[in-house]
Structures are given as C-alpha cells and as structure tokens.
Amino acid sequence: MKHTLAVLVENKPGVLTHISALISRRAFNIESIAAGYTEEPDTTRITIVVEGNEMEQEQVVNQLSKLVDVIKISDLTAVESIQRELALIKVKATVHTRSDIINIVEIFRASIVDVNRETMVIELSGDGTKIDALCQVLEEDHGIIEIVRTGKIALSRGPIPAKDQ
Amino acid sequence: MEMTGAEAIIESLKNEEVDVVFGYPGGAVLTLYDALYKVDFKHILAKHEQGSVHAADGYARATGKVGVVIATSGPGATNLVTGIATAYMDSIPLVAITGQVAVPLIGRDSFQEADMRGITTPITKHNYLVKKVEDLPAVLKEAFYIARTGRPGPVVVDIAKDVFAALIDYHYPKEVKLRGYQPLYEGDMETIEKVFLELSVARKPLIFVGGGVNLSDSSEALKVLIEQTGFPVISTLMGLGSIAFDHPQYLGMVGMHGTYAANMATTECDLMLGIGVRFDDRVTGVLSEFAPKAKIIHFDIDPAEINKNVIAHLRVLGDMKWSIPALSGRVQDVSDELKEHVRAWTDRIRLWQQEKPLTYKQGTEFVMPQAVVEKVNQLTQGDAVIVTDVGQHQMWVAMYYGFKNPRSFLTSGGLGTMGYGLPAALGAQCGLPDRNVVLFVGDGGIMMNCQELATAADYNFPVKILILNNQSLGMVAQWQRMFYGGRCSHTNLKGGHTDFVKLAEAMGVRGLRVTKPADLSSMLEEAWATPGPVVVDIQIPDTMDVWPMVPSGARLDQMMFGGGDE
Chain A
1 MKHTLAVLVE NKPGVLTHIS ALISRRAFNI ESIAAGYTEE PDTTRITIVV
51 EGNEMEQEQV VNQLSKLVDV IKISDLTAVE SIQRELALIK VKATVHTRSD
101 IINIVEIFRA SIVDVNRETM VIELSGDGTK IDALCQVLEE DHGIIEIVRT
151 GKIALSRGPI PAKDQ
Chain B
1 MEMTGAEAII ESLKNEEVDV VFGYPGGAVL TLYDALYKVD FKHILAKHEQ
51 GSVHAADGYA RATGKVGVVI ATSGPGATNL VTGIATAYMD SIPLVAITGQ
101 VAVPLIGRDS FQEADMRGIT TPITKHNYLV KKVEDLPAVL KEAFYIARTG
151 RPGPVVVDIA KDVFAALIDY HYPKEVKLRG YQPLYEGDME TIEKVFLELS
201 VARKPLIFVG GGVNLSDSSE ALKVLIEQTG FPVISTLMGL GSIAFDHPQY
251 LGMVGMHGTY AANMATTECD LMLGIGVRFD DRVTGVLSEF APKAKIIHFD
301 IDPAEINKNV IAHLRVLGDM KWSIPALSGR VQDVSDELKE HVRAWTDRIR
351 LWQQEKPLTY KQGTEFVMPQ AVVEKVNQLT QGDAVIVTDV GQHQMWVAMY
401 YGFKNPRSFL TSGGLGTMGY GLPAALGAQC GLPDRNVVLF VGDGGIMMNC
451 QELATAADYN FPVKILILNN QSLGMVAQWQ RMFYGGRCSH TNLKGGHTDF
501 VKLAEAMGVR GLRVTKPADL SSMLEEAWAT PGPVVVDIQI PDTMDVWPMV
551 PSGARLDQMM FGGGDE
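Quick note, the sequences are listed as chains A and B, same order.
Position one of the first sequence corresponds to residue 1 (the working numbering), numbered consecutively onward.
Position one of the second sequence corresponds to residue 1 (the working numbering), numbered consecutively onward.
Any given hint could be a false lead.
Covered stretches of chain B, going by a simulated chain A footprint (3 or more residues, C-beta under 8 Å) [stated by the list, open to error]:
#1 116-125
#2 176-188
#3 303-309
Read the hints as simulated data drawn from the structure, not as lab findings.
Think of the CB as a built atom: it goes at the ideal place given N, C-alpha and C, for glycine as much as any other residue.
Using the sequences plus the hints, can you model the full thing?
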C-alpha cells in the first residue's frame, strides 16, 4: 500500500542529505519525494510517497523521526487530503497536429505554456494517474520529447495543519 | 569573553566535563592543537586515527562518559570511519571533532579534503559542518547532548580550518533547543499494567536482556526485577555483565553461539520480555522461527527498534531506568505467586542445563583457549574489565568468563570490527586507571592495529594483552571447514614470520609466550605481576571450532555440538 507522508524538517544545510541517505541505507521503497519552503521560514516541508506494508511503513516513519532535524511526520493517507503533482511535457507539434493536441489539452484541463514551430509545452497538475493518462495519449499520437514531474505534494483538508496533527 | 574558535572548543570541552581527548594532529587542526598545547589539555596520541577513535569508544563504554576524538581533515577524518561505525552499531556516545579545509576551499577537491558530513551520515546519530565560528558553541552543546541522551551514539562535528582561528565572543548555551529531538524517558503506566497482566498469566516466561541495560546503567534495577519474578534470564553478547554470570536464574548467552538452555528456553517460552535488545540476526537465527510460541514484549528507548525485526505484542517505550523499576513496583506484591507459576518451567530448564552444559576437551597436550579464559577468570575473580577483538576468541570469552559487573565487557558486537580490541582496551584503561583491564585478541586481529602496542608502552597503560594464537583466521576458517568443503582460502597463517614477543618488545611492551598447558598459570601470574603492559602470546590448537553453533539461517533449536568430552 502507498502512504503519503508530510515531513516537516528544519530548514538547515544537510537535511536532504540525511533524509536521502537514510532512505537509501534502510532500503526503503520511495516512489516520490518533493521538498519546498513553508509558511515558517525555518521549516521545510517534504512530501514522501512510500510503498510498503504496515510494518515497513511504520519503520519509515520511525526511522525518519529519529533524524534530529525532522520535526514532525504526519501520515496524510489516514486523513482527508488533497494530493497533486505538476508535470511539464514537451511534445512534438507541427502545424498539422497542433489542433489535435489543443483538443487533448482541453479534455485534460491542462494548459499550453509554450509553442514553437516544432514543439509545444503542456502544463498539467493533478494526481499521478491523470498525468500518466495524458502522457500516454501524447506519446502514442504525437511523441514526447521530454517530461519533468515534481512528485506528489499533499495537504490535509480542514483547519488543522500537519504540524499539529 | 573574546577568544578563538579553537579556544572556544576547549572551553566547551571543559563545560562538558571532558577530562581527556584522543586524537592525532594534522594540517587542518593545527590551530586546535596549538590551543590544546597552551592549556596542556590531556590528550592521548594514538599511532593511527583508527586507534584514537576505538580508544575513545573503549573509554566511553568503560566509564559511561562521552568519548572525544580529534582528527585532521581528509585521511585523518576518513580513518575514523570504521570506529564511528563501530560506535554507531553498539550505541556508544562519541563526539568526533574533525578538521575540514578552510571555507573558501570547500568543494574544490582541495588538499586533504573529504566530505565528512556526507561520508558519516549513515553511521552517525547526527553530524555537523561548522563554517561560521558563531555557530560553534551551540553546535558543540548539541553534539554532546545528542551523543549522550536517548539512545546514545556518535556525533561528528566537522569544522572548517578558518573557524579555529576566527574570533568569537564566547558564551556556552545553558540549554539545547532542538524541535526535532526530544528523547523519551518515561513511557505510560498503562502499558506497564498490560505487561503486568501478561506476566501474571505466563507459565514459561523468559527475560531477555541486551546492551541497553548496560548503556542505561540499569543492572541493579534489573536484578531486583529478576529476583522478584523468579523468571529465567538470557543475554545477548552486548548484555553480558548486566546480570552476574553465576546468578541462579541466568542461563547464558542466546543465539548463534548461545548455550543449549538459553536457545531451548527461547524456542519454548510463552512470553519473552526483551529488554534493551534489538533482535539482531546473530541472536534470532531464522527470524520467522524465533521464539515461535511467545508473545514478545519489547522494552526500548528507541521507538524505531520496535517491530524492526520481530513483531512486538506490547511495546514499552522509555528509558530502562524508568521502565524496569516501574514494572518491579507493580510485581513486588505478587512475587511469590509469579515464582510459583514458573516452578515447572524452571525445572524443565534445569534439565536442559544439565543435559548439555558448555564443555570442551580436557587434559589435552595443547593449551585450550577456554582454559585460558577460565584461568583469567580465576586470576581476576570475574572483576576485570574484559576487552576483546572479533572472532573465535570473542565467543570463547563471552561463554567462559564469569562477568560480575556491568560495563565490564567491551566488544564490537554490532559491526564486528577486527582491530577494535587493542585500542579500545587502552581507552578503557585510560578512563579506569585503577581497574584491571584485560584484552583477549586473536593473532589476526592484533595485527590490524598492532601499532597501538607503542601507545600502550608510551603511556604505560598496564593492559594485559593475551593473544590466543591459532595461526589462523579462526572464525572464518571454521566457516570454511563447515560450509566451504574445508577449503581454507587465505585463512591459514602458518608460516608467517611475525614473532609477537619480539613485536611487543620492539615497541616497549614486555612479551611472554605460552606453548604448553603446564606453563599457562605461571606465565599469566608473571604477566599480572609485571607492572605496565604485557603481551602473552598463547599458542592454541590451530583447527578448533567454537561450539555449540546454530548455523546461519537455521532455527535456534537446530544447534550443532562438538568439541566436548563426549
């Protein structure tokens, strides 16, 4: 089963080294990891998606919690939450194929953020499966040149922030 | 008060009540060594950085204080790696201060530059790179606090060269503020109540103690609990000494080279109280078959140990200084009842003990290693600080020495570091100058840090160094004999030209040799009568195996026996 963890850490140099080294050393199965600043300048929030059974999942949380710079971990799988990932997709596009691509983009409620004579860049945010579906259509019908994805970020619904959960 | 970064480090060491540091100078720490020189701070110069770090580790294990080691950047710091990993695996409090190249040179592959933060991340409890002198006091305060509190462990403080010389208005913080680190000392009494209920219905309970009892200095409290319950007790390698060897409820060590009674009791018990243990693979045998009939109650200060290897039926989080007395407070009124419950179980265990006690061949023409350990036990009355290296001799010591006191058995249990023993023994002797410190070491392991014989002589540390010399890398050879068709690939050291007596003498240590049983007592007595360090090269048979043994991947009750009189 997949778990989405919100990990609040000190915004200090070396924190990401500690987290990535731990994941590697303990051979945890991590699907994605995304980090960024938060409403508090000295705190960084990392969203980690981890695959594993209950015992493995408990180990991930316990071992990460042991890191001195990890302030708090909350499992967003257990609560109602909004989960999103952002993708930028550069697809082959000629004068003849542009309109079909625009149709596909509209169906997926994505947007076009760059166009030139040979390519288009499409921006889509949503859950991973939606991004996968768009990529599949674009790849098969038009050909993808490159993709960049952020990995999942997640936020609980309701008034209680992760740090107080 | 204005001072340099180097002076600030020394002030901080004093504030942490550090009375000795182990180390080795070099380019990046010149300013720090200059400051040590000016105040004549007590410093032990080993002959190799690896020697320094193992010595700091031995000091920490023997005294319970934080060991401090200093090394220069690059190779000096990387030479600490094995020692830091050794301390990490056994949860030993260390602070390693390493020099780093100056801030403008970091990241440019400068002379003697190595990324110590990156290198030591997986083997430290925490680590720091200090690039600004104003961060230094808080970092050192945190480093000592993190090393010694909660589950102890090593902390690396890597300091850029220019920080040592920079000026700072020094104030040592009184408190540590760490949002992400609050060690848990007291758990909840509700759990203790649940444990009590399990205890009161158990008929085949077993108390299983580990290094956590030694580390938390809880052996007195443990003794109370054991005697209140009447439950039998087994120990891990790291738990030895936390309960007296001759305690009537003690069954010995469990695991790969555990006693028959301890391993059978583990297999048959219906309740196991694991106290300060981490269910290492050398203890459990095949994990799925470990204590198959038992509910397991796991006591630990580290929540990440729970359910890591075995699933715990109940978890008791917190310091054993809290949890053991809390449980004994609950059981004291029903002590007689509990003892009555385990009468049949205790009788069963007695039979196992009588059926297959530890034995070895008597009356041979060779000096038997077990006999050496027993002889040293008589000489020291179980009261010495015993240090070992890693291998067969380590297991013979664990089986045959009668440990009476906690913190009296120093060994690299988790990492299994050959070369650990000699420097660790020197560190222990440095911390406990009035205690009798004895090192057992193999002829393989002594060569891994034999340069520290010179340190023993130069500081006149009166360690008795007993080389159990089988002219072989014995433990590996044993596995080759058992599992690799007797092909002793590169483990036979016969024909080697090293004379350990001469080696010792060359470095200023007295050397003695024992070749036959008749000389053993007199030579050991002579070693003990000699002031200062002594090496005794004891020739033992070359193809002896450690028995009993549970082969890797087998169940604990699938023990192999051999070597005895039968």
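Now for the hints, and whether the structure bears them out:
1. 116-125: holds (count 5)
2. 176-188: Our answer is that it holds, as 4 residues pass the Cβ test (under 8 Å) against chain A, meeting three.
3. 303-309: holds (count 5)
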